[in-house]
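Peer 1: Residue numbers (numbering that gives the first Met the number 0): 0 to 154.
Honestly, the hints are just simulated from the structure, not real lab data. All values reported here derive from a predicted model rather than from experimental measurement. Take these hints with a grain of salt, some might be off.
Said to hold, decoys possible - Cross-link-like lysine to any residue pairs, in silico, SDA-like; alpha carbons within 20 angstroms at most:
#1 Lys34 / Gly117
#2 Lys98 / Ala46
#3 Lys34 / Ala11
#4 Lys98 / Pro74
#5 Lys98 / Pro45
#6 Lys34 / Pro128
#7 Lys98 / Pro128
#8 Lys34 / Lys98
#9 Lys34 / Val92
#10 Lys98 / Asp49
#11 Lys98 / Gly60
What the hints assert, rightly or not - With beta-carbon atoms standing in for the labels, derived distance ranges:
#12 Glu75 / Glu26: 12 to 20 angstroms
#13 Thr16 / Val92: 28 to 36 angstroms
#14 Ser24 / Arg97: 31 to 39 angstroms
#15 Ser22 / Asp69: 26 to 34 angstroms
Where is the CB? At the ideal position from N, CA and C, for every residue including glycine.
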Amino acid sequence: MNNSREARSAKALSRHTLEQMVSRSSEGFLLADAKDPALPIVYANPAYEDLSGYSIEELVGSSWPLATRDCAGQPELERLRAAIGRSEQCRAVLPEVRKDGTSWFSHVSVEPLYNARGELRYFLCIQRPVAGGAAEAIGDSPGEALEVASSTEVS
């Protein structure tokens, strides 16, 4: 689709409609403040709350977990962090841990968002579970996938 046509279509939608689209999405949306080096979370939709197990109250103001988690031995997370450092878009499949300690794999898409003056303002993170679970995400045996997931620490 043509970018100018997309822009016209989005402008035609009301703010209320756009808010409903995000809040009712089955994909987790998280918005982090790009102006703060700690990348604090400023918004999470209900699907992100469901995926992570954390409430919006627990998330807002805290550092974005993907930006603060140790990425040693996780090349996809290292690649994602490097893209964030360059303010670039990135997609990855990453192990995650819910608040209750259960592990899962997530398709993660990160997009830099700019204000009307062209200044970086936010990073938008969209997450959805990997269909088929950890084995599909890793591409190896389920045992190896669980080993990777259990070694992942979220701070």
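Peer 1: Compare the structure with each hint and give your call.
Peer 2: Consistency of the hints with the structure:
For the proposed pair Lys34 and Gly117, the alpha carbon gap of about 13 angstroms is at most 20 angstroms, so the pair holds. Restraint check: the Cα-Cα separation between Lys98 and Ala46 comes to about 14 angstroms, which is no more than 20 angstroms; the hinted pair holds. With a C-alpha separation of about 29 angstroms, the suggested pairing of Lys34 with Ala11 is violated against the 20 angstroms cut-off. Proximity of Lys98 to Pro74 is assessed by CA-CA distance (about 24 angstroms); at most 20 angstroms being required, the pair is judged violated.
Distance hint between Lys98 and Pro45 is fulfilled; the C-alpha atoms sit about 15 angstroms from each other, no more than 20 angstroms. A threshold of 20 angstroms between alpha carbons decides the hint, and for Lys34 with Pro128 the separation of about 28 angstroms lies outside it, so the pair is violated. For the suggested pair Lys98 and Pro128, the alpha carbons sit about 15 angstroms apart, so the restraint of at most 20 angstroms is met. For the proposed pair Lys34 and Lys98, the alpha carbon gap of about 27 angstroms is over 20 angstroms, so the pair is violated.
Between Lys34 and Val92 the CA atoms are separated by roughly 26 angstroms; this puts the pair beyond 20 angstroms, and the hint is violated. Taking the CA atoms of Lys98 and Asp49, the gap is near 10 angstroms; set against the 20 angstroms cutoff, the hint holds. Taking the CA atoms of Lys98 and Gly60, the gap is about 17 angstroms. The hint holds against a cut of 20 angstroms. Taken as a hint, the range 12 to 20 angstroms holds for the pair Glu75 and Glu26, whose Cβ atoms sit roughly 18 angstroms apart.
Hint check: Thr16 to Val92, Cβ distance near 31 angstroms, so the stated range 28 to 36 angstroms holds. Evaluation of the 31 to 39 angstroms hint for Ser24 and Arg97 yields a failure: the beta carbon distance comes to about 19 angstroms. The given range of 26 to 34 angstroms is respected by Ser22 and Asp69, whose C-beta atoms sit roughly 32 angstroms from each other.
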